[in-house]
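Given the structure of chain A, go ahead and fit chain B onto it with the hints provided.
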Amino acid sequence: MKRPLLLTVAAWAIGAVALRITLLAPQHCPAVTPSEAFDAARLAAAWIEANQYPDGSYVYEYSIERDIDLPGYNVVRHAGVTMALYQLAAAGDPSVLPTADRGLDWMSRNLYRHADWAALRDPGNGSVRLGATALMLASLLQRRIATDDPRYDGLMRELARGMLVLQLPDGAFLNRWDPVALQPVPGERSKYATGEAFWALTLMHRIFPGEGWDAAARRTARYLADDRDRIENLNYPPWADQWAAYGFGEMASWGLTESDVRYLEALAARFGLLVRTESARRDTVLSRLFRGRQARAAGMGTWGEGLAGLRQAADADPRLAHLRPAIDERLACVAGMLRDRQVAGTRAAAAPAPVRATGAWFTEGVTRMDDQQHALSALLLASLILSGKDPP
Amino acid sequence: MTPFLAVIAIIAAVNPFAAAARLDGKRPPPRHIITAGNLSLAFYALAATFAGDILEALSVEPESFLVAAAVIIAASGAATLALGPLRLHYDPASRYADLVPLAVPVLLGPAGLSAVIVVATRESAGLAIVGSLAAVVLCLGLAVARFGAAAPLADGLPRLLAGLAVVVAAGFAVDGIRAI
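Sequence lines, in order, name chains A and B. Residues in the first sequence are numbered consecutively from 1, following our numbering. Residues in the second sequence are numbered consecutively from 1001, following our numbering.
The following block holds chain B by itself, in its conformation from the complex:
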């Protein structure tokens, strides 16, 4: 996996288009952006830094995790492909909306975490952090631009990136199965 592909894999798994579209065109206030952005980045960075330890603690071989991650990313991608981005109730005026749903599950989801751990174990933690940073920044940028309100694009682009996530997942699965 080249560094470029590793970053693309994380972006596809996080799917910033789908994430932004889930806010239904509502613009998050700066306080939400800062809190949710920092929180999700902190989680991604922790997952990347301790990816090996996490798998060891779970007694899961990295090669086996690759197959599991493939299934998680593929399921997430397939759901977006089939149903489009699921709209969430997001109230920018709500005090805790920066945590739920903005940080979790919009920015921080199982597919993104899986991709970050895969990249961290196969390539490097630094690359995984760069990938997650790119995905989160892109996602928040699109949210500020009220991407969810751009009717045809907010449905098409998430599906396109979800398709890419399925392809990435297939690659992970093949690599996991072909690994000793």
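Looking at chain A on its own, in the form it has when it is part of the complex:
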């Protein structure tokens, strides 16, 4: 009797332990209130403010252990960081406007102009990429929402026309303009930039209704919802595109098609899966071994941004209303994890340079400016949505 019983108990115990460290790892979503999420977003903005150079550019990467800035820059991320600051301003914190305006000045000094349009040029290599222009435009649109200041209206239209130069008849975008050949670089697309341009176009329609920006946005919506994953050979569709979610969130009040609704449901599922998976990860050797390394804040932030965009769509379209409770739950989870992992308080005080660490997120001892960008946006949008307010 004893031997079979012991064997059975042992087999169940081993199985239970194996399941616990692999498939059934505990998930943890730290609790966070809307005001705590907002404070964490504000702290991320403070890191950006403290890490801006006099010319308006930001620290690209910073090593906490060596207390040094690491070389390199990315113009698309510069535009994204500036956009996040304007989002915060639009949500009611105008104190970040001087920093954001310095970031905007840096972009304004790096404009490329051709015919009747403009684009943001990378001063490092001279390239003119869609994503940089789209996020510069999104920055200006958020600034317009925050300040109601019309001084950049002309530039916004120029940038939007610059994006349309790269739009294909099916709504897709080419990724780059060749300033030597004076034509788009054929065949090159970006899985990020199309969504960025789409969102910027939807915001253009909000600020400048009646100018036809919605038609271009709708063409891209069709491409994103129906064709993008297939044509661009993106594995495991749908591509977790928070920019597309932002855009559809903005566009939902114009009316969504059935395929849009299906796409957004699939997108919500993708973000939900990513959040659930992340919530089971710990900063331990065992967790890294079986569940992989914890995601960087930039990644988690994009999930939060995506969920916020989808929440906006779910508010506007009754066919998506059933997603709202689950979206809110996952959004709160992202915000809780981000706040929990942000360097602040005693953790910041223990850093070699506390001012340079406070408000940031580090992966293997290094933070990159878009960690703060995406986390700021996600925390801000979560704080608004979870307190029943509309995102800007």
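Where hints are given, some of them may not hold.
[What the hints assert, rightly or not] Estimated spans, in silico, between C-beta atoms of each pair:
no.	chain 1	residue 1	chain 2	residue 2	range
1	A	365	B	1083	47 to 53 Å
2	A	33	B	1160	50 to 56 Å
3	B	1146	A	30	53 to 59 Å
4	A	350	B	1057	30 to 36 Å
Derived by calculation from the structure, the hints in this document are not laboratory data. All C-beta atoms, glycine included, are put in the ideal place defined by N, C-alpha and C.
Quick look at chain B alone, frame taken from chain A:
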């Protein structure tokens, strides 16, 4: 998931054909049937009734458990598909054979428990209890009928139901991945 499919999912996960075949054609005495049947049903009913609490205590989201359950059921089904039902040493004259192996692991296994918890969290505890009752009764009925001695059937039918369990698991996995 319709109620019918929920019950079928539990039956496929428990796989009464495989369970009965594992006894190798030996007929359990009534005392074993009563003890093992009641014990396994009690466990399934507890798992169904407290499914939500169990997952909460484990800090596992129901959607995440769906994927884990899919892997457990698929692994169990795939093993039966590939190897056939594994024969166990069962001595009807043994005093404790009603516990091991009749109750555990023949009637009560990880795949069946996983399916019961999934059905209980997604549908209702009642439906999960009905499904587990059907599976256990079917299993004991087949054992009494000495199903394991019916040579070609005792190998083929368990594999057939194991195939269905793999399909059910695939459905669970897809649902778990598609859930927010």
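Do the hints match the structure? See the list:
{"no.": "1", "hint": "A:365 to B:1083: 47 to 53 Å", "in the structure": "holds (49 Å)"}
{"no.": "2", "hint": "A:33 to B:1160: 50 to 56 Å", "in the structure": "holds (54 Å)"}
{"no.": "3", "hint": "B:1146 to A:30: 53 to 59 Å", "in the structure": "holds (57 Å)"}
{"no.": "4", "hint": "A:350 to B:1057: 30 to 36 Å", "in the structure": "holds (35 Å)"}
Against the hints set out earlier in the document, no violation occurs for any number.
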